[in-house]
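Chains U and B supply the protein sequences, listed in that same order. First residue of the first sequence: 398, per my numbering; consecutive thereafter. First residue of the second sequence: 189, per my numbering; consecutive thereafter.
Since the hints were derived computationally from the structure, they do not count as laboratory data. Heads up, a few of these hints could be off.
[Said to hold, decoys possible] When the alpha-carbon atoms are kept at most 20 Å apart in a straight line, the in silico SDA-like pairs for lysine to any residue are as follows:
| id | chain 1 | residue 1 | chain 2 | residue 2 |
| --- | --- | --- | --- | --- |
| 1 | U | 652 | U | 402 |
| 2 | U | 652 | U | 666 |
| 3 | U | 652 | U | 532 |
| 4 | U | 652 | U | 617 |
| 5 | U | 652 | U | 479 |
| 6 | U | 652 | U | 406 |
| 7 | U | 652 | B | 417 |
| 8 | U | 652 | B | 314 |
| 9 | U | 652 | U | 673 |
| 10 | U | 652 | U | 547 |
| 11 | U | 652 | B | 325 |
| 12 | U | 652 | U | 458 |
| 13 | U | 652 | B | 384 |
| 14 | U | 652 | B | 320 |
| 15 | U | 652 | U | 401 |
| 16 | U | 652 | U | 403 |
| 17 | U | 652 | U | 462 |
| 18 | U | 652 | B | 318 |
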Amino acid sequence: MGYAIVQTLNALSFSALLLLTGLGLSVVLSLMNFVNLAHGGFYLLGSYVAVLWLGSGAPWWLAFPAAFLAAGLAGAVLERFPFRRFYARPHLMQVLLTYGLSVIMADLMRWGFGAQILTPELPAALQGVVFLFDMPFPLYRLFLIGAGVALGLLLWLLLDRTLWGAVLRAAVTDRGIVETLGIDTRHLFAAVLVLSAGLGGLSGALGAGMLAAYPGLDEEVLILALVTVVVGGLGSFGGTVAGALVVGFALTFSKVWFPEFANVVAFSAMAGFLLLRPNGLIAPPLRQI
Amino acid sequence: MRDIPLSRAAPLAAALLALALAPLLAGAFHLRFLAEILLLGTAVMSLDLLVGLGGLVTLGHAALFGTAAYAAAIAALHLGGNLFLVLGAGTGAALLMAALMGVAIMRSSHLFLLILTLLLGQVAWEVAFHWREVTGGADGLRGLPPLSLGPWRLDGPRALFLLSGGLALAAYLLARSFADAPIGRALVGAREQPLRMSALGYSIPRIRFRAMLAAGGIAGAAGSLYPFLNLYVGPQSVHWSLSATMIIMLVIGGVGSLWGAFLGSAIYLALQTYVSAYTDRWQLFVGLVFVLIVLLLPRGLAGGLTGGLAGSLAGVLSRRGRP
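So here's chain B without its partners, still in its complex pose (with noise of 0.2 Å):
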């Protein structure tokens, strides 16, 4: 058997630690916050996938996570709100257009790459935006049943919160083992040596068109519970705005290590909720947090705290191994 290294079984246990005391803790208000901050934060760790391993900036993520999040809520109307079902549709869902936009990148890159699945993103929203009788146009779908497992409602905040750090985690392994795998190792490669790697024999458009595949996936698992958030789901979470927000979340949180997206949509979503309570002026902070950490942290904020503790750990390390 493989051995887990301590550095990474630790924060795994301090994950499972935090999910384990919240509800114990935090009141209804902050646990729905939370499980928001967990379903945006696994969307932005799956687009983690396709930007810090494969240098593929995308500006439609949120088209795999609304598609999913409109394809479970339309599942739910219809066909009541089965935790299965909706996660089936959702994902089935997101699966499919992701499975578009791999195609259509397959040969695009840089802005032309950006520009692309923009497009293709915007497309999404015309389309939930303007087909009113399946998506209700500009208002969105309301009045969604709750999420039901077997005989239990999972509505009340506490459900919600365990269910979404139950999937954020279960994604983060799959993440994790993508990256780890010769999948996720051949998607870095393809970024760094593109010439090298196709030469070595391997398709780089397939390669583009799986990893696509990978994010839509765990983007639509968590699009697919968010409407059940505040049992309603709009336009906006189809519009490119919540993509370039993603990209905004992930800066913040690092590109490039996976479990810095869930820090990158807390500190988002905290600043967004708590310095909008204060001021109108939310946005001017969110731009100068980010323009400061583009500046000064390039790696973000989990490559910051990383780093900085790495460092400071393999000085305690080597001063102790010393005679």
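Bound conformation, chain U alone (with noise of 0.2 Å):
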């Protein structure tokens, strides 16, 4: 029982990392139809300000919102070039773009933050372990679940129950009409870039405590991102906390039962997801062509 439990918490912390590091790339993808495959790099980045910062010796509490706004400056400068000009070239275009990107980011923080597997210094407050029906659990792991849906729910929040929320949401449907009333549209769109750039790095500096930050770790994170928001279903923020479910859980206890196997039972299942409702998890009904 103890066991299963720990079990279930170790694969919803999984979960809330993937559903951080989704909905970064979710709302680009859904609200502008951009798809960004630099924002691994984006999520190693935060990684590596959370670790110097942690090793520092300032507050650490401020590790986090300082990944945010390292992560989102990186994402503002990208915005202005090139990612501007993007966004109405098809989705193959998009993706050459930003992988490209992705692999100067990866060398560049090769370059500038060494080879090497970089741990942080969690400060007091989140080591140790909580004991669950007499089981241990890394209290880090709650922290991570709690931060995931404290901000997967302000994020919902922002974008369903704000004004900015609405105006974006409107610019999505109809850019023309929304000028029209004034709006400068590439303003919005341009604070949506870098607010997802942002959560990328605030994921990142989320996860470190848990996968630490080494180069190729930007690679592994996109690919699970992308599966995750995939496999929910572009475009709907339910899809995406359906993804993020799926994929955590299936990860993790694929690691339990199989553990030879383990990555080719995972990838099989979502694959199998995939083949059964190739449009994801949560999808608007569309025609199948």
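Got two chains here, separate frames each, mind docking them using the hints?
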């Protein structure tokens, strides 16, 4: 019993991390129809910033806003050039451009932060374990679940319940009409990209305590985040939540049940989901061609 | 008989000449390097059938290439390095893998297709990486017997180069005829106007399946010779990062022009080999070249070259044609 609960919590903490990373990706994808494969780079940048910040002795909780700002700044720079020119291009060109940029970012980070594995010095408040049904469970993972749920809710409120979110959704549906109301949609879309990049950095900072930071992590995280968004179904908040749960649970429980061939089972399960529902778990009904 | 237009015959003759001259001019290292370019270029060209003609962007192409490489290596280890046996085993395994993948992608498109092929490719990688008894796990398979054809051993750089060159040429002609055949046209139609194509009675899943089989067969033939360049095959040849590298090569060379694939693979491998000798930052270089090409030459170098050359040729001809 205790073992099952601990494994479920493990899966949930991984799902929370996937949710945060996937949301950054899915926000630009669903709202701006832009595929950003540089998102893994934003994640890793956030991880490195958090590791350096936590090692520097400054107040620990500021590491997360710092990572958000650093990645958001990188996103703002890239948004001005060249992302902005590619919003109206086909997905293939966006994929190619952002993949090339992610290769450049990855190599720049390898240059700047070195090739070794960096693990953050967690503050005392987040270290240690709690006992659930006599099974030890790392406190940090509980913090991760809490942060994932809180930030996910916050983002949903921002996009779904505020005037700014309403303007944004209106601009997605009909950009021209929103512009006749005197709203600069270019700034609006730039803000969304910065928000998405910042979310990537923030999830990197949160994930550093669980996955550490090393070259190549950006690609691993990007792939998992893409799988999350796509398995869940593009363009919906609920889809990303569902995708994060599927991927998190599949990866965690396949390691418990089939330690030898864990990833084979997990990847096959995800591919199976995509075969059964080619447009994702939660998808608007579309005509199949 | 159908006339072969000059614009198509001239590059073909140039390619034949280059294939004939290279063994006389280049040293052993460069011949092996050229053979690697030709084999990877062949695989990239088969990817172009899917991406360029069909608009099917897959991230699982290395799984086809690598499955063939492993099947060929395992066949050679157990039964000896007969060329036809090796080619048959590798191509057959790749066709099987392509059939699996082809069934899987019948109903998917866009990002879903990308992720689905990525997942299937990674399953293949996991198997290659963890099935130690058969694939050697992370170490891969070493000590392969050299290729042979009857009494001849094909293990010198010159033989390997000519073999790769012959394979690349045959694959190019095959891919060309696939692209010109009704199935190739139908594939383009399915990309451009899926609704109209199905209204005309074409089955888009069937077209996609056949395209995947054709691409898998060609990639498999190239993959089955690949291990014999260095008498080694490792799990990197199945990993998705090789699929991504193939896409980079394809874009550098030019999506949609079959011969651009060889250009792209030559440029990528040359960057990797020569820039990495001077600096550790060669990936930065590759990334910058790639981004610049996406920004400035969306049709790749092949598109840029033919666009420029065809433009100037047309200019010359029209001037001459005037009274």
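Going down the list of hints, with the structure as the test:
no.	hint	verdict
1	U:652 / U:402	holds, 15 Å
2	U:652 / U:666	holds, 13 Å
3	U:652 / U:532	holds, 18 Å
4	U:652 / U:617	holds, 17 Å
5	U:652 / U:479	violated, 40 Å
6	U:652 / U:406	holds, 14 Å
7	U:652 / B:417	violated, 37 Å
8	U:652 / B:314	holds, 14 Å
9	U:652 / U:673	violated, 23 Å
10	U:652 / U:547	violated, 27 Å
11	U:652 / B:325	holds, 19 Å
12	U:652 / U:458	violated, 32 Å
13	U:652 / B:384	violated, 46 Å
14	U:652 / B:320	holds, 19 Å
15	U:652 / U:401	holds, 13 Å
16	U:652 / U:403	holds, 14 Å
17	U:652 / U:462	violated, 33 Å
18	U:652 / B:318	holds, 14 Å
Hint compliance for this structure: hints 5, 7, 9, 10, 12, 13, 17 are broken, all remaining hints hold.
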